[in-house]
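Peer 1: Protein chains in written order, with numbering that gives the first Met the number 0: chain A, 0 to 430; chain B, 0 to 430.
Any given hint might turn out to be false.
Said to hold, decoys possible - Covered stretches of chain A (chain B as the covering partner; in silico rule of three or more C-beta atoms under 8 Å from a C-beta of chain B):
(1) 57–66
(2) 141–150
(3) 376–390
(4) 394–407
Stated by the list, open to error - With the C-beta cut set under 7 Å, the calculated list includes, among others, these residues of chain A facing chain B:
(5) ASN36
(6) TYR37
(7) GLU79
(8) ASP185
(9) ILE189
As the list claims (entries may be wrong) - If you anchor each label on the Cβ, the simulated ranges turn out as follows:
(10) B:SER80 x A:ARG223: 29 to 35 Å
(11) A:ALA107 x B:GLU290: 52 to 58 Å
(12) A:VAL374 x B:ALA265: 50 to 56 Å
(13) B:ARG358 x A:TYR378: 52 to 58 Å
(14) A:ASN351 x B:MET382: 21 to 27 Å
(15) A:ASN26 x B:GLN183: 45 to 51 Å
(16) B:HIS180 x A:PRO308: 40 to 46 Å
Derived from the structure by calculation, the hints contain no laboratory data. Nothing here was measured: the structure is a model prediction, and the numbers come from that model. Idealized CB from N, CA, C, for every residue including glycine.
There are 2 protein chains.
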Amino acid sequence: MGTTHVVVLGAGFGGLSAVRQLARDRNVRVTLIDRNNYHLFQPLLYQVAIAGLEAPQIAWPVRAILRRYPNVRFLMGNVESVDTMDRCVWVDGKAVSYDYLVVAVGSASHDYGVPGVREYAIPLKSLQHAICIRDRVFSAAEEAVRTVSPSRRRALLTFVVVGAGPTGVELAGALAELKRHVLQRDYPEIPAEEISIVLVEAGERPLPLLSPAASEYTTKTLERMGVQVLTSRVVSEVTPFGVTLQDGSFIHAHTVIWTAGVKGVALPGLPSGRGGRIHTTPTLSVPEAPEVYVVGDLNYMEQGGKPLPQVAPLAKQQGACAGRNILRRIHGKPEVPFRYWDKGTLVTIGRNHAVGEVRGLRFTGILAWLTWLAVHIYYLTGMRNRLMVLGNWIYSYLTYDFAVRVIHSPHQFPYPEESVESAEEVGVAQP
Amino acid sequence: MGTTHVVVLGAGFGGLSAVRQLARDRNVRVTLIDRNNYHLFQPLLYQVAIAGLEAPQIAWPVRAILRRYPNVRFLMGNVESVDTMDRCVWVDGKAVSYDYLVVAVGSASHDYGVPGVREYAIPLKSLQHAICIRDRVFSAAEEAVRTVSPSRRRALLTFVVVGAGPTGVELAGALAELKRHVLQRDYPEIPAEEISIVLVEAGERPLPLLSPAASEYTTKTLERMGVQVLTSRVVSEVTPFGVTLQDGSFIHAHTVIWTAGVKGVALPGLPSGRGGRIHTTPTLSVPEAPEVYVVGDLNYMEQGGKPLPQVAPLAKQQGACAGRNILRRIHGKPEVPFRYWDKGTLVTIGRNHAVGEVRGLRFTGILAWLTWLAVHIYYLTGMRNRLMVLGNWIYSYLTYDFAVRVIHSPHQFPYPEESVESAEEVGVAQP
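Work out the full structure, taking the sequences as your base and the hints as a guide.
Peer 2: Given below as structure tokens:
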């Protein structure tokens, strides 16, 4: 066993990528720490939220990944703080010392201080969030069946997605397909026009990272699928009954999903910059603590004068770079600066529809959609998960069905307090 | 739409089977009520508990089943009571009236008054229970990795199953395979001898419904797989730290699973006999309220001087019989008495090992095991679930892997209060 101990915080794309590099050198001992016992394939989280995939199909046990690396240990626990002076991290009240540290704890949902977001909107960053959204959507449909008042039914069946980045667009498109192919078939009691999906974006267009032409294609496709796309609208408050916009209008909706932005996960003992991200040197280490490397969503770096995006391919590339740099330092070699290799962006909108841009080249429609499918299957961890996800997709494609519509914990929807007749509203409408 | 309204309570084997009969007659209007939006395939619940299957693979949305029946409605809700005078059931504070009622709400775990069972033992009757057991087993292993004291590690890694009926035997066998093929490979830090699976049975032998020879085969197979089989031992108390037996001995264990017995789910307004079951006429109706039929685990009937068992095939046959009898009454025909057609019993113990008895004929080993596989795939609801489960089984069989080892909510294990050094116990054992 080696004498150099590297601790890696976070088993996401960045952390695992660093571990894979470090594990090659049998003189290095690695401890990977995460609060979950699985690696989550976040790009497909929205498919769990709309009952297309089962939660464990995008979560792969960390220990299964680490079986092949005898010099890597896993520790499940909550990282409380980092002590860069004594070179240790505190995990559930116990110190774990390190020679080098890779921090890859990622990002969390950012509410930008908008009131009610934390309490009443659901983010989409964890398996629990995805299952919560699934429970909420199907609970809302069941509650609507029991509800006599059409206005309450509409509020139950209006699903607002805030933020038209890739996650928001993919989720809104998938909800529209859920409405059309599942909800309308399963709930003949509910008139189709009472179900609405609304996508609210503060900026001028969806997918601002892509070109205006790609955004236009996205808006058109979403609208044809039945999604209401509201751009240049800023949310000023979220309540249990809906969303207030800055122009004073109010959208009645019992389900609000917040994908408007992320911030770096704060870790006491480490510096924190804009958006909670940590500025690093070009070799990915923290200037104040050169044994500490920061990779992924938590890292803040600029390239070509622009901040690097918070996406999975970047996290993977940074994790690998940090791992290699640590090995180079151990062996007395000079470190290499990080260079982001942009593989492009691919966003799926719905059946046969996706939009992508690779190095300025735009492609849309079924070709982009098939590429999206292939890329996501390829990057999934574990052959079993690849086959399971592929099987589910083929099933859904052929049957127009999203099969995983199991409600684990039914949601209790509130009644407006001012409504006196609310107690009368739960009715059993007889055909 | 018909004028006769039949309400069916419970979307289990009995309730669905009744609905399928009733739906054939388009003059009948059926309302199916369940607190869950899915039909649960209970016989495979233990496989969810040991990470072999994903929860939605054994849960099928009720509305997907009902799509083909235009005269059947589904209502998700909690049934609070039955009013046999006014012929209505109360669901979440609202009355639903009926002309005929089929009660198929099944059974719940029975603690026989043993202290601590309700608080500290986990039953295995719902998806939530199965996921709770899975979370507990893997949380225990992760906690053991962080624990320095060997005695606490042993208590964390001792899994006690109380009750050696089919569920207990199948679960204990599956836990032994989980230990051997997953835990020992994933946790090289944990010595294999610290992981124990204990099956405790109050009677003289496991699987008392089968012949003594079948029980002997079961005990031998379980013991060869590493399960400690304790018979003629009665549990007198369960605590967070283990199980006390009537002979005064104590098994240190942080995880106790209770499969020792079931009782009928009590429904205010209906009579209730021994074990919470409701005595019915041979045509399955309640003597005091002839419009009310009771089927499945909740029904108490004798045949050949012996009480009928509480198993899935019986529930299905009774559900179909009750449905047919209601249709016969509507059409002025005489009812037919219920006759149980015993298809035999099949219990799987582990890889290539099962035991079965059909009409006095015993079969064991790989033939019984393959039959068990085929029967369970055949009776699963939904082609998608059949393919998914089959895929998972082939994967597990080839790789010796149970892939669904995702911890959804980590369990916090208690420390013994008297232990002063307990606070020191969470340590990070370095290799």
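Peer 1: Now, for every hint given, state plainly whether the structure supports it.
Peer 2: Results of checking the hints against the structure:
Coverage of a stretch by a chain is defined here by at least three residues with a beta carbon nearer than 8 Å to that chain's beta carbons; for the segment 57–66 of chain A and chain B the count is 5, and the condition holds. Residue count for the segment 141–150 of chain A with a Cβ under 8 Å from a Cβ of chain B: 3. That meets the three needed, and the coverage hint holds. A stretch counts as covered by a chain when three or more of its residues have a beta carbon under 8 Å from one of that chain; for the segment 376–390 of chain A and chain B the count is 6, and the coverage holds. With 9 residues having a Cβ less than 8 Å from any Cβ of chain B, the segment 394–407 of chain A passes the three-residue criterion, so the hint holds.
Interface hint status for ASN36 of chain A: upheld, as the beta-carbon distance to the closest one in chain B is roughly 5 Å, under 7 Å. Checking TYR37 of chain A against chain B by beta carbon gives a least distance of about 5 Å; that is within 7 Å, so the hint holds. The interface hint given for GLU79 of chain A is broken, as the beta carbon of that residue sits about 13 Å from the closest beta carbon of chain B, more than 7 Å. For ASP185 of chain A, the suggested interface contact is upheld, since its CB lies about 4 Å from the closest CB of chain B, less than 7 Å.
Because the closest C-beta pair between ILE189 of chain A and chain B is about 11 Å apart, greater than 7 Å, the hint is violated. Range check, SER80 of chain B to ARG223 of chain A: about 49 Å between beta-carbon atoms, so the 29 to 35 Å window is missed. Taking 52 to 58 Å as the suggested C-beta distance range, the pair ALA107 of chain A and GLU290 of chain B conforms, at roughly 56 Å. Between VAL374 of chain A and ALA265 of chain B the CB atoms are about 54 Å apart, so this pair conforms to the stated range of 50 to 56 Å.
At roughly 53 Å, the beta carbons of ARG358 of chain B and TYR378 of chain A sit within the given window of 52 to 58 Å. For the pair ASN351 of chain A and MET382 of chain B, the beta carbons lie near 24 Å from each other, so the given range of 21 to 27 Å is met. Against the hinted window of 45 to 51 Å, the Cβ-Cβ separation of ASN26 of chain A and GLN183 of chain B comes to about 27 Å, which falls outside the hint. Between HIS180 of chain B and PRO308 of chain A the CB atoms are about 41 Å apart, so this pair conforms to the stated range of 40 to 46 Å.
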